[in-house]
Each structure stands twice: as C-alpha cells, then as structure tokens.
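Note that the protein sequences, when read in sequence, are chains A and B. Quick note: the first sequence, position 19, residue 19 per UniProt numbering, numbers continuous. Quick note: the second sequence, position 296, residue 296 per UniProt numbering, numbers continuous.
One copy or two, either will do: identical chains are not told apart, so a pair holds if it fits within one copy or between any two.
Below, simulated PhoX-like cross-link-like pairs (lysine-lysine); rule was C-alpha separation at most 20 Å, straight line:
1) 429 - 477
2) 92 - 340
3) 234 - 403
Hints were generated in silico from the structure; no laboratory data involved.
Number of protein chains: 2
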Amino acid sequence: MFNDFKLIDDRPVYIQLKDYLKEMIMKGHLLEHQKLPSTRELSKLLSISRNTVLNAYADLEQDGIIYAVKGKGNFVGKVETLKASSIEFNWKERLNNVTLLADEFDLMKQDIHWEKGMISFNSVAPEEKLFDVENFKRAFLTRMSLEGDIVLNYGYAKGYKPLIEYLLHYMEMKGVDISNKDILITNGFTEGLDILLSSLAKKSGRVICENPTHHAALKLFRLHGFDIHGIDMKDDGIDIEQVEKSLSEKEFDFAYLIPSYHNPTGIVTSSEKRAKIIRLFSQYQIPIVEDGFNEELRYSGSHLAPLMTFIGEGNNIIYISSFSKILFPGIRVGWILADKELIHCLESMKRARTIHTSTLDQAVLYQYLLDGYFEKYLKKAKFVYKKKYELARQACNQYIPFKRMTGDGGLHLFIELEEAMDARTLLKKCYQRGVVFYPGDVFYSNGEGSNTFRLGFSRLKEEDIVRGIKIIGDTLKNEMGS
Amino acid sequence: MFNDFKLIDDRPVYIQLKDYLKEMIMKGHLLEHQKLPSTRELSKLLSISRNTVLNAYADLEQDGIIYAVKGKGNFVGKVETLKASSIEFNWKERLNNVTLLADEFDLMKQDIHWEKGMISFNSVAPEEKLFDVENFKRAFLTRMSLEGDIVLNYGYAKGYKPLIEYLLHYMEMKGVDISNKDILITNGFTEGLDILLSSLAKKSGRVICENPTHHAALKLFRLHGFDIHGIDMKDDGIDIEQVEKSLSEKEFDFAYLIPSYHNPTGIVTSSEKRAKIIRLFSQYQIPIVEDGFNEELRYSGSHLAPLMTFIGEGNNIIYISSFSKILFPGIRVGWILADKELIHCLESMKRARTIHTSTLDQAVLYQYLLDGYFEKYLKKAKFVYKKKYELARQACNQYIPFKRMTGDGGLHLFIELEEAMDARTLLKKCYQRGVVFYPGDVFYSNGEGSNTFRLGFSRLKEEDIVRGIKIIGDTLKNEMGS
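Model the full structure from these sequences, guided by the hints.
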C-alpha cells in the first residue's frame, strides 16, 4: 500500500498526496473508518516532509473525506458511493434538428485530416511562429499591474470600455460616421454573427450573399433556418446585375457581404462597386451585414473604405469583424459596430447567452493595441505573408492548369478548374502524395463549386508552398488529364 | 495648423502622429493633393524626431492615405468620403420577440443602481481584493513560456485538452464515473446552459425546477420558449412530494436543479434528498441538468457528492459548472460534463456559435489549477467569506424580523418576510438610507416572492454588513410596521 504514489513536477506535493489519498478512498481501496498511517509513518514511507502530510490530512478533513479522533489518529470518513439508479438515454433522440444539422455541417468532423509531414493548404489561420509573444506578455503585465483585480472580475456585457472606445476611434479613422453607432464586443466574429442572426425577425426568411462565401456563415444561416440566395462573384466583387435582378424579384431580410478579402475567393470589391452596392441595397431597404474579414491584410497601395463609411449617419449597415485571423485567434475577441439602439438590444442577448466576453482577453488586446504593437506586428506579418502570397501565385500560374485564379492578397488563393474536373477526386489523389487542400464546394450555397478549391498558404514554409502546388499541378496533368 | 497635436503616454509617437494626420485628412482639414510639410519642418514644428515623422509618413503611404512625389514631397491622397445613401431603419421593428424579451428581462437595465458610498448587497461576485493576482501572473508566464504560440492560435471547440483532462479527474475525485462521459468547455456556466437549451428537442416544452431559482437560468428558459414549473424549497432542498405529484401529472423535458448552494436561497440539498431526487427522476425518465454553482464554497465539514456521482455509468445527468464565482469571473471558463455522445453533438453547436472558448483563458486557468494555487486561494477565500457569512447571519437574526432565513454558506443569504411585506417597497425606503439589495421576485418563476430578498455579502466590509442589515431591519420596524 502507498507504493504506487508517484510525484510529478510543478504541482505542490501536499496536493498530490491529498489527490492520491482521496482517489484511494473514492475507489474503495481505503474503507470507511479505516485508520490512516500516522503523519510520521507516512512521511517516512513516502520520503516527504511531515508537514506535507499534515497539510494533506488537514485538507482532507476540511473536505469531510477523513476525520480525526483525538489521541487516536485519522480515519476514513463516510463517502457517498450509493448508486441510486443508472439509466441510459439515447441522447440523439432527445436533440433537435438544429443540433443534428450542426453535427452534419461540422467540417472539422469530416475533414481529410493531414498527417505529420504532409503539406496542408487547409488553414487560413495565422502562422504562429510570427506571433509576437514577448510583447503580448508585456501588454498582459502592464494591464495586470494597472488593474489586475478589475480585469479578473465581472465586466460589462457590452464589453471592456477602453477597448470599445479604441475600436470606435479605429473605425472612425477608416471613415465611419460613429455619431449614432456603438460597439458590442463578442467572442470573435462568429459569435457576433450568431447573436445577430438570433435577433433578426424573420420576414422573408431569405439572405442574399456572395456565392461562394464564408462556410461558417453559411452554416449559421442554415442553422437559423434562412434560405440562402447566392450571387456569382466577378473579379471586382459580386455580380451587381444579378443582385439587381434578384432584389427586384424577391424579398430579403438582409445581405451578407465580405467586400475586403472575400473568403474564399480572395477578391477585393472595387471602390466603384462598393458605391453601387450601397445604392442598390438602400433603394430596396435591405440591411447589409458587412464582414470585415482580414481588411487589415492588404499588401497593395490604395485606401479602400469599408462599406460602412458610405452611409454616413445611416444605420443600414452592421459591421462585424475581429483581428483574429491576423493577430491571435486563441483569444476570442470580435465586435459588432452598428446602430446604437440595435447594439443596446443585442447587448441583452449577449448578456443572456454568455454574460460577457473575457475581460482578460479584451484588456490585454486593448493594451497591445494601445502600445502600438499591433502596427509593428502587422508590418512584419504583411512582409512575410506577401512573400508567400507572391510565391503561391507564381507557382499556381506555373504549375496548375486552372480556368480562373483569384486572390488579391490575404492568406489564401482560390482555384477554379475546368467544369469537368472534380476537386474532391483531385484531393484524394493529392492526399496519397502528401498534399491536402480545402475543397471549394463547402463554400457554395447551392451545391456548386465541385471544380474549385482553396489554397491557404499562411502556415507553410516557402519551399513547401511551391512543392505542394507543383504536386497538385502534376496530379492534375498526369492523373486527371487536365 | 498642427498646433492641437498633443501626445499621450505609453503609445508610440509615430503612431500618434499617424493617427493625428489621418484624422485631419478623414475630417477634411487636409484636402486631396494638398502638400504636407516636409519631414524636417514637421519634426521641428512638433518637437519630435525626424525619424518619427518619416515613420508616420511611410505608414500613411502604405495605407494609401498619402502619396509621395519624388523630389516634391508628400501629398494627401484620395480618400473615399462619398456618401452614397443614408437610410434609417427602426431596428426594433426588425428584431424578433426573443430579442425584445431578452431586453425586457435584462435585470442590468432595470436595477436600482447603487451610488458611491452606498452599502450594496446586490452582488454575489467574489471580492476582488482577495484575488490572487500575483500567482495568476505567474501561471500566465509559465504557460506562455511553455507554449505561447499554441495558446495564442486556434484551439479545439471541445476545449483545451490539458484543462479537460484536469477537470475530468477533478470530477472523478468527487465520485463521478467518467468512463462514458466527456467535457465541453464553454464561456462560463451561462453559455453551457444556453448551448444545451439550444440543442434539446422540445417535446412537452416544460422544465421543472426549484422555485425560486437562478434568474439567469429562468431568463434562458423563457428565451428558449420553455414553460417553467417551479417547486417550493424546503430547508433540506426541493419539496420532493410536490415533485412526485408534478411528475405523475405532467410531462417534462428536463429538470434543472442547484443542489449545492442553491441560488438564491443558499440551501444545500441533503444527502438523503439527493438520493431520492435521482430515484424519482430516473423513474420518470427525465434528465437532470445539475448546476454545480459554488459547490466548492462549503464552510462546514461533511462531504457532499454532486447528484452526478449517484448515477454511475448512467447518462441521465448533465452537470454544468464553472469556477467563476469563486475564482475569476473575468475569465469566462465553464464546462459541461455529460454523456460522451451528447458532448460530441454539443461540440458542433459550440463550434458553429463561437468556434471555441479563449485558449488563453483556459490555459492560464489550467496552469493555475495545476500549480495548486486554487487550493491555496480557496482556503483564504473560505476564511474571509465564512467570517462575513457568520456576521451577516448574526446581524439578520438580531435586526431583521424575518419569517424565514436560509443560506448554509456561500456568498449570500435569502430572507423571507411576512406575506404582507413588499420587498420592493422596502428597497425603495432603504435606498433613501443608502442601502440596496436584490428583490427576490426576480428569482421566482411564477411572479411570487414579493416578500423576499437576497443579501449578497461577499464584497462588503464587515462593518458595512452589520450597518447595512441594521438599516434594513430598522426600516422594516419603523417604517413598515413589521
């Protein structure tokens, strides 16, 4: 007995002893009213200090697991092990359709998972080696020393005030009229969209959006029961004639658009088209949900304003964004910028569902932004990603016989093959040769896109980008007769 | 011009200059094609280094806000200020009833807010002066140095693996059979409950729970459209005869119970009653959602097992908890412990809605737990809260002419006055004398409880606890004839 007690590093010994004894008792290896070794005996037996044993016994007594009898020693107390009833539900039968749909549409459960050593173009997450861990630590320590106790206690549902003010100014500097607008901080972009979809009244029950589009948004539209009306993408953004035709024929509750670095095509909507989009949707009184995805990751020159800058004091655009894709996806902070009254209502939904977003995450992000680390990091990241981007483009041009390639920056390219080509068949063949990518059909609202795929290059080494794209190209030419 | 440029501390000067110039341009104080001062001139004018001006100009050029002409200098670029259309929606008309209900039930929007200097018994949040900020920093730095880049990048929807394993073992040590169970990490208890409610199929559409009960849970039941069937509380937990009668008469989709430190009454369900509860609900095949609220904050001896320990390999209990109330509410980490297959489905809902809970928060919490700081902190907290608890009880006994007082530990007491007394009238009178508390009716599912209120004492100084309770008592006796 007690000879299987093994210490691990870093955890206080008395807690390890306490856990160990508790486990023995819970599992019935030590029985009720059984006498425990004296503290002196046990400390000798386990080669630990007597004080450690004393601390462990005191804690166990405090928890009611053991009891002490004066002059006699310590004994195992009464531990509930009664199993009143054990019944088994089939939980799937007790879940609703939305949940079963979420399970079905969960790409993470279906992905062809890459194995070590493979070249994976799946991810559009940032390269973690770029992370500015030292300055993040610095920002953390600064904030904690300024108001550690406040950061660790409850905050406001709307968000951490200094961060809200910073972001309002940040958006104002992009040209947004913030006079009648406000911000709600969310657990990333995704929660922002989900809260909004949970709040909008369903009238036509129809959303109009780019096709293809962000698959997490498509999934949420489906889970919220919206019909999705997708519009083809031209090289300068959504096909505006198709939009006009659709608006004249059907009702829509709202539009969902990703004008800057569209996901998955990487297309940046032109300035002229932005103005047209605003005019058209305003005319039909349809609100626009603008996804600010990767707006910061432009590699080239000219200033491009978010759609929201075009409406002045209007309130017909809801802007949702986060810095996740660029900065630190592990801290989940996004925001909704919209009409003040709307934000006031969404705030109650946020409070009802998650109380508020982690104050710690918000406060550290705020300090990181305030200290100017973001700008510095962005420069470094742009430099690295731009190189990868140019390399990937060049390799695609050289090796892949595509029909169309789009991607004006960002962290990915989108490839459209000739109609007859099937990207999933290609994926299977490439997988055997150690290369994986994202089949494009998951981004389509209508089952199309079987001849498309997305190449995320952010986390790959430069040589692997070229090597991987060459393998895809070779596979296409040699095995699929492209 | 440029004479209103003012520097703040801590933010890099070049970024402040960049922001300043950008603002001048966005607001139209500097016009398109207008020449900017040379870097030499501007550095002199603003008393900053020339390098700072160079950096700011370079960034502005990169963003497309200004352009350089070789040999001529820098000029303001074309900035979109076109306001295509400005329309105004009445957003309230475009929101659904759930959102309007969330707004209506949002207690934070209705509270009598306490002012500085008042004695507020509103909060049951932890006392932030107790926070163990130094060890929290230590845990953060340890985790960051071990895997900072991983902590800051995307994690898993189910949660941070080391934390999940820690919590599984933690619950096993409470006596739970974890062989066929799993854990989903959520943004606090509230998200856990919300995800579950979003996932359960509605059959009867009815939930059975203690009355009064946790008001955030009541709000979520209402928002999810459940009918609430509340059962009175006896001093040892829910009235089991009433439960039996209800189960024999009506169908229920699930039960919601807070057996340990019931909120708001502070009642701890007895061991015998726990066994009875399990038997009864198993017999009627009704799953139990067990709220682990403040289970760790017991001040007195004997071991009390969660309901979940009673079911062995059964899967009819869903346990939801967090350490928020005790540890750090500002980091939003809670968990659902339930049947493996159920967790697998809930994981997809979690992913669809918020991708995952902040990896940073989870990782730091994990390190804090592993290092044994939690146990140490808990001891200190229990010591402080226990003193406040005893003081509050004593003061209530001395000053308040109640019909019933409950609260067996925790951070609050619950007072029931004689039927005719109205707690909200009392609150108004006490407010004038600088004391506020939480009216109890918000915890009732059926509009009852007008003669009840909750006293949270965790954040009050000892002398204010006594002073505040005396004022409530005096007001009752002198002004309300109690």
